[in-house]
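Novice: Put together the whole structure using the sequences plus the hints.
Each chain, written out:
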Amino acid sequence: MSSVPVIEFRGVGLTYPGPPPVPAFLPADLVVSGGEYVTITGPSGSGKSTFLNIAGLIDAPTRGHYLLDGVDTTGLPDSERAGLRGRRIGFVFQSFHLLPHRSALENVALAMVYTGVRRRERAARAREALVRVGLGHRIDALPTRLSGGERQRVAIARALVARPSLLLCDEPTGNLDTATAASVLALLDDLHKDGMTLVVITHDTSVAARGSRTLTIRDGRLTEPPGRDTPTAVLRTAADRTGA
Amino acid sequence: MTPPGRGARRAGRRRKGRGRRPDRAAVSRFAPRDLLSEAVAGILQRPARSALTALGTVLGIGAFVAVLGLTATTSSQIDGRFNALTATEVTVEDVGASDGSAIGVSFPEDAAARIERLNGVSHAGVYWPVSLPEGDSVRASPVGATVGEEETQVAAAGPGVLRAAQPTLKEGRLFDAYHEREAVPVAVVGSGMAARLGITTLESRPVVFIGDRPFTVIGIMGDVRRKADLLLSVVVPATIAAQEWGEPGTGTPARMLNSTRLGAAAQVADQAPLALDPAHPERFKAVPPPDPKALRDTVGSDLNQLFLLLAVVCLVIGAVGIANTTLVAVLERTGEIGLRRTLGARGRHITSQFLAESAALGALGGLVGTALGTLTVVAVAMARQWTPVVHPATLLAAPLIGLVTGLLAGGYPAWRASRIEPAEALRR
Chain A
1 MSSVPVIEFR
11 GVGLTYPGPP
21 PVPAFLPADL
31 VVSGGEYVTI
41 TGPSGSGKST
51 FLNIAGLIDA
61 PTRGHYLLDG
71 VDTTGLPDSE
81 RAGLRGRRIG
91 FVFQSFHLLP
101 HRSALENVAL
111 AMVYTGVRRR
121 ERAARAREAL
131 VRVGLGHRID
141 ALPTRLSGGE
151 RQRVAIARAL
161 VARPSLLLCD
171 EPTGNLDTAT
181 AASVLALLDD
191 LHKDGMTLVV
201 ITHDTSVAAR
211 GSRTLTIRDG
221 RLTEPPGRDT
231 PTAVLRTAAD
241 RTGA
Chain B
1 MTPPGRGARR
11 AGRRRKGRGR
21 RPDRAAVSRF
31 APRDLLSEAV
41 AGILQRPARS
51 ALTALGTVLG
61 IGAFVAVLGL
71 TATTSSQIDG
81 RFNALTATEV
91 TVEDVGASDG
101 SAIGVSFPED
111 AAARIERLNG
121 VSHAGVYWPV
131 SLPEGDSVRA
141 SPVGATVGEE
151 ETQVAAAGPG
161 VLRAAQPTLK
171 EGRLFDAYHE
181 REAVPVAVVG
191 SGMAARLGIT
201 TLESRPVVFI
211 GDRPFTVIGI
221 MGDVRRKADL
231 LLSVVVPATI
241 AAQEWGEPGT
251 GTPARMLNST
261 RLGAAAQVAD
271 QAPLALDPAH
281 PERFKAVPPP
291 DPKALRDTVG
301 SDLNQLFLLL
311 AVVCLVIGAV
321 GIANTTLVAV
331 LERTGEIGLR
341 RTLGARGRHI
351 TSQFLAESAA
361 LGALGGLVGT
371 ALGTLTVVAV
381 AMARQWTPVV
391 HPATLLAAPL
401 IGLVTGLLAG
411 GYPAWRASRI
421 EPAEALRR
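Chains as they are written, first to last, in UniProt numbering: chain A, 1 to 244; chain B, 1 to 428.
No lab work stands behind these hints, which were simulated from the structure alone.
Check each hint, because a few of them may be wrong.
[What the hints assert, rightly or not] Here's a subset of chain A near chain B, in silico, CB distances under 7 Å, partners left out:
1) Asn53
2) Arg63
3) Asp78
4) Glu80
5) Ala111
6) Tyr114
7) Thr144
8) Asp189
9) His192
Beta carbons: idealized from backbone N, C-alpha and C, even for Gly.
Specialist: Rendered as structure tokens:
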């Protein structure tokens, strides 16, 4: 299974239909193998969010093939895309997106509603995930009673509880102060050590530096700075390929 | 793991084709029970707002149940008043005499006998108010003043009429077929009339003079259950009335009063004209007792429709309220919608969740409204000392109507919710 990359882009690009057509993400090849910790940086409006939406199966690319865990997602019906999204990808957002009127446990259990996990399993798994992120003592707390760091931990627990093969984090520390950000990043490091595949999108260079690999997006073009050793990754832009 | 070369990777792509398909079990799903609990959670997370939203439905459904219940209650009261006495009375009018298509009286001599032969008839008889010649009046003695200031009415009646009227005799007896056949000058009077005539007892064989003709009073009626005006008249056999003062005129046509057994009235009314004169049944108009159902409907329909219209208006306002609140909730919960989509929800799951929420709100409003409406009916019935009646179908339909209202109201907002792009929603 480890030989199959978690993310494989084959000439994946996204152009929003016009008029005029907006090339939001230029065709690129990318392979992210299981267990990698990839950080993606770039200025605002460079296409980071577009990359996240494509990788997270929220937006479908307009060209190329995106293989998630070896499954070609091109042309999949909506039900299967949604199923893949719910089961194989865990999302962590800058603004947490916790439901304010539900306890931490209920928020985490929500991630199993659409993936066919039996109801009686959910509480136990949600509890387990909360313990995993160090919130075993705040299981029944409402998000409004939690600190920012704790909220992000609940969100990470929610992302983990479906046992995804990929954790997609969008500015996970953007709303946190330095101390809590450090603890959340330490948690991500932990998860990486346990073998979780992480893709973290950030504009914070200190966050970006924690990844084992850092990619850059600028004007919709995904590039990997040369010189860093990337043992399992192959990255070229389509433009490079046509030039070669 | 070693990085595959470019050529090897291309070969791998060809070998793998376009990759594996996900297994069927991996599709996104949303179990009905989850749908229900998500909807309930959605309603309970803002209880005050939900309650206010449901208020319109509560009022609409409450008015609906109350109107139908109160109507059912009042018409059951009408049923109660509609007793056995009125249900067994058939009068036959002589329309031939009054419209002039027939000369004289349409009723044959043996009218009572003909009707009494019909199945279900208890008593039958012809009666008419006698119009006395000018100067003639009712007096207690051969000479002297008339009784009271007003002229006393004289009624000619067959013996069957008296029996159909079901009198309670204070004294004496009613006249019968013999008096009728032989045209015996006898009279029966009501107790009030007897007092005015100065008759206190029948021991003295009292006599009343109608014109110059004496009539022996043979009975004093305390009360009658039908045709109360008999109590205000001096009732004499029809035959002697016809001999003395002639047949009934066109101004005061004869009628028949028939009492029937319970349930036979409609049929008797149907058959009576033919039995009286097979050649000219059109000369008679038999009036059966009013159909209780028809009676109930006429009472019910007028006011009812107005109130039901009001209930519908309330319901529409309720639906607009639900639609409005759900739309606001959809906009408010855009982030939640985006999140649910990342957790594997499809657009239709989002639709069904919001639909379920608005339907549950409507059903809740319907249930509360049904309860309030029923309480209103019971309270009104208690105040009037009636028996509260609510049709079971009303109680079953009311919450369902609430549910459908909620479902319809939630349609547009739920559709809007499913159209929200998750990428767009997550940016919030």
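Novice: Run every hint past the structure and note whether it holds.
Specialist: Do the hints match the structure? See the list:
1. Contact between Asn53(A) and chain B, as hinted, is supported at the beta carbon level, the nearest pair being about 5 Å apart and thus within 7 Å.
2. Annotation: interface hint on Arg63(A) violated; nearest CB of chain B at approximately 14 Å, more than 7 Å.
3. Given the 7 Å rule on beta carbons, the hint for Asp78(A) holds: about 6 Å separates it from the nearest Cβ of chain B.
4. The restraint placing Glu80(A) at the interface with chain B holds, with a minimum CB-CB distance near 5 Å, inside the 7 Å limit.
5. Of the supplied interface hints, the one on Ala111(A) holds, with its beta-carbon coming within about 5 Å of a beta-carbon of chain B, less than 7 Å.
6. Using the Cβ-Cβ criterion of 7 Å, the hint placing Tyr114(A) at the interface with chain B is satisfied: the shortest such distance is roughly 4 Å.
7. Below 7 Å, beta-carbon pairs count as interface contacts, and Thr144(A) has none with chain B, the closest being about 12 Å; its hint is therefore violated.
8. Given the 7 Å rule on beta carbons, the hint for Asp189(A) is violated: about 22 Å separates it from the nearest Cβ of chain B.
9. For His192(A), the suggested interface contact is broken, since its CB lies about 17 Å from the closest CB of chain B, more than 7 Å.
Of the numbered hints listed earlier, those contradicted by the structure are 2, 7, 8 and 9.
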